[in-house]
Amino acid sequence: MTLEASVLLTTRLLSFTMLLQAIEIFILSRQSNFQHVWSYKNIQRDLERGLPLNAKLIQKLFSIPSLQKIAAIQIALSGLAAFQPLSVFFIGLFATHLLICIRFRGAFNGGSDMMTFVVLTGAIIATLGFSKIGLIYIATHTLYSYFKAGLAKVKYKEWRNGQAIPAFLMRSIFPDIQNAATKLAKHKAFNMLLGWGTLIFELSALGLLFTPSASYLYFALAVVFHLAIYFSFGLNRFFWIWITAWPATLFSLSLLNQ
Amino acid sequence: MHFRFSIFLSLIRSLFPRWDFFDQIAFSFVVYYKMPTDSEWKTLAFTQSHKSSRLVFNQAANDTLMQSSVVEQFARDIQELENNTPNFSKSDIEQLTTYQLLCSLLQVKLKHKNLLNTEFQFKITAQNTIEQIDIYTSDKLPLVNI
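Protein sequence lines correspond, in order, to chains A and B.
Position 21 of the first sequence, counting from 1, maps to 21 under this note's numbering, and the rest follow consecutively.
Position 94 of the second sequence, counting from 1, maps to 352 under this note's numbering, and the rest follow consecutively.
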């Protein structure tokens with residue numbers, strides 16, 4: 001993959017992912033139940049104690065109407081960035097994403113919010129004229145995210161003996177996945193295979209530094225892996241933001257082949 | 259209110275990536291509720307139909323994930339209070355942001371069940387394959403109109 005193609009794909013995919021995230025927030029923030037739970041009153045104490053800002057300004061920034069405005073601004077910026085990938089649009093998207101994360105006490109969707117910041121930072125660096133550095137920044141985090149996730153798991157015997165996968169699937173928000181997990185728990189050998197498959201897949205991300213020619217094969221496996229996570233847990237944002245990080249990763253790994 | 263740096267760091271924690279997902283099988287937290295007319299606790303599920311899940315716009319599933327996360331964060335706050343403030347009072351709990359969020363969330367979910375009662379009570383338990391521990395039981399709370 002060429003440098004230009006990688007920058008273009010990364011910025012387009014990032015614009016799409018952030019558009020999708022903003023539309024989801026916009027739709028939710030218009031629902032009365034969501035407004036009742038996530039009212040400014042409910043989160044006021046944390047924001048006033050956690051932000052070194054004037055109370056009136058905090059309320060102005062984080063009320064429900066402001067959340068809708070921030071989401072609308074993110075929709076507009078994502079649209080603009082898709083057609084004209086300028087650093088100013090990505091800096092704006094960084095700001096809207098940060099405000100949304102703070103609005104939800106640090107994160108709306110955990111790890112996907114973190115990876116969104118990583119790709120945004122890389123996109124800002126790349127569009128400021130340091131394309132290679134920006135892409136390598138994204139690739140480093142992406143490869144490390146798989147490896148670190150595997151390293152964190154392999155310490156626990158439940159991952160090594162196959163108990164982990166059905167145990168986590170039982171916590172899915174989807175009742176049919178919970179039922180399938182109960183049935184799956186009886187097949188110990190299969191669970192061990194799935195558990196070790198996950199560990200080997202995640203840990204071998206670091207191996208791509210020594211065998212970059214396998215990067216497209218790993219990418220194909222990563223797509224299947226993220227689709228399986230989406231199907232099991234509903235984590236669509238994880239799917240999109242990790243896919244967004246892959247053009248930069250493929251480009252950076254291709255540098256090792258030269 | 260006094261500025262607290264630890265809360266500030268928590269609010270901007272997404273800027274500092276941590277990639278240890280789905281590692282330890284910790285306790286899972288279950289919410290039970292009881293109406294004045296009930297003698298037994300009933301489980302309140304945080305589930306979503308798989309049919310409504312979408313790869314592109316999945317706001318309903320993300321909302322449900324966020325709701326489950328509120329329950330976990332409240333349970334963690336209770337454990338933190340137990341560790342850091344041995345003689346904590348009821349008002350310490352009621353002041354927690356996660357308590358406010360959880361009460362509002364339960365009001366929404368119970369109203370969805372079209373219950374005619376005006377009060378409810380809830381409890382949170384921590385469960386694993388071996389044991390079940392009650393970590394918090396609320397007083398009777400009003401079931402307000404939303």
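Warning: the hint list may mix true and false statements.
[To be verified] Computed list of lysine to any residue pairs in SDA-like fashion (alpha-carbon distance at most 25 Å, straight line):
no.	chain 1	residue 1	chain 2	residue 2
1	B	K371	A	N42
2	A	K60	A	P85
3	A	K41	B	K300
4	A	K186	A	T198
5	B	K300	A	D176
6	B	K367	A	K183
7	B	K292	A	F34
8	A	K41	B	V366
9	A	K60	B	K367
10	B	K367	A	T198
11	B	K369	A	Y40
12	A	K183	B	T387
13	A	K186	B	T387
14	A	K69	B	T387
[Said to hold, decoys possible] Where chain B lies over chain A, by a calculated footprint (3+ residues, C-beta under 8 Å):
no.	segment
15	27–41
16	98–105
17	123–130
18	155–167
Rather than coming from a laboratory, the hints here were simulated on the basis of the structure.
C-beta atoms are modelled at their ideal positions from N, C-alpha and C, and glycine is treated no differently.
Each hint tested on the structure:
A distance of roughly 23 Å separates the Cα atoms of K371 (chain B) and N42 (chain A); the hinted pair therefore holds under the 25 Å criterion. Taking the CA atoms of K60 (chain A) and P85 (chain A), the gap is about 30 Å. The hint is violated against a cut of 25 Å. Restraint check: the Cα-Cα separation between K41 (chain A) and K300 (chain B) comes to about 29 Å, which exceeds 25 Å; the hinted pair is violated. A C-alpha spacing of about 19 Å is found between K186 (chain A) and T198 (chain A), which places the hinted pair at or below 25 Å, so the restraint holds.
This hinted pair checks out: K300 (chain B) and D176 (chain A) have alpha carbons roughly 21 Å apart, not beyond 25 Å. Between K367 (chain B) and K183 (chain A), the direct Cα distance comes to roughly 29 Å. Violation of the 25 Å bound is thereby established for this hinted pair. Under the criterion of a C-alpha separation no larger than 25 Å, the hint pairing K292 (chain B) with F34 (chain A) is consistent with the structure, at around 23 Å. Among the hinted pairs, K41 (chain A) with V366 (chain B) is consistent with the structure: their alpha-carbon atoms are about 16 Å apart, no more than 25 Å.
Taking the CA atoms of K60 (chain A) and K367 (chain B), the gap is about 28 Å. The hint is violated against a cut of 25 Å. A distance of roughly 36 Å separates the Cα atoms of K367 (chain B) and T198 (chain A); the hinted pair therefore is violated under the 25 Å criterion. About 21 Å separates the Cα atoms of K369 (chain B) and Y40 (chain A), which keeps this hinted pair within 25 Å; it holds. Distance hint between K183 (chain A) and T387 (chain B) is fulfilled; the C-alpha atoms sit about 16 Å from each other, no more than 25 Å.
Between K186 (chain A) and T387 (chain B) the CA atoms are separated by roughly 15 Å; this keeps the pair inside 25 Å, and the hint holds. Taking the CA atoms of K69 (chain A) and T387 (chain B), the gap is near 45 Å; set against the 25 Å cutoff, the hint is violated. Look at the segment 27–41 of chain A against chain B: 10 of its residues bring a Cβ nearer than 8 Å to a Cβ of that chain, three or more, so the hint holds. With 5 residues carrying a beta carbon less than 8 Å from a beta carbon of chain B, the segment 98–105 of chain A meets the three-residue requirement, and the given coverage holds.
Given a C-beta distance limit of less than 8 Å, the hint that chain B covers the segment 123–130 of chain A is violated, as 0 residues qualify and 3 are needed. Residue count for the segment 155–167 of chain A with a Cβ under 8 Å from a Cβ of chain B: 7. That meets the three needed, and the coverage hint holds.
Hint compliance for this structure: hints 2, 3, 6, 9, 10, 14 and 17 are broken, all remaining hints hold.
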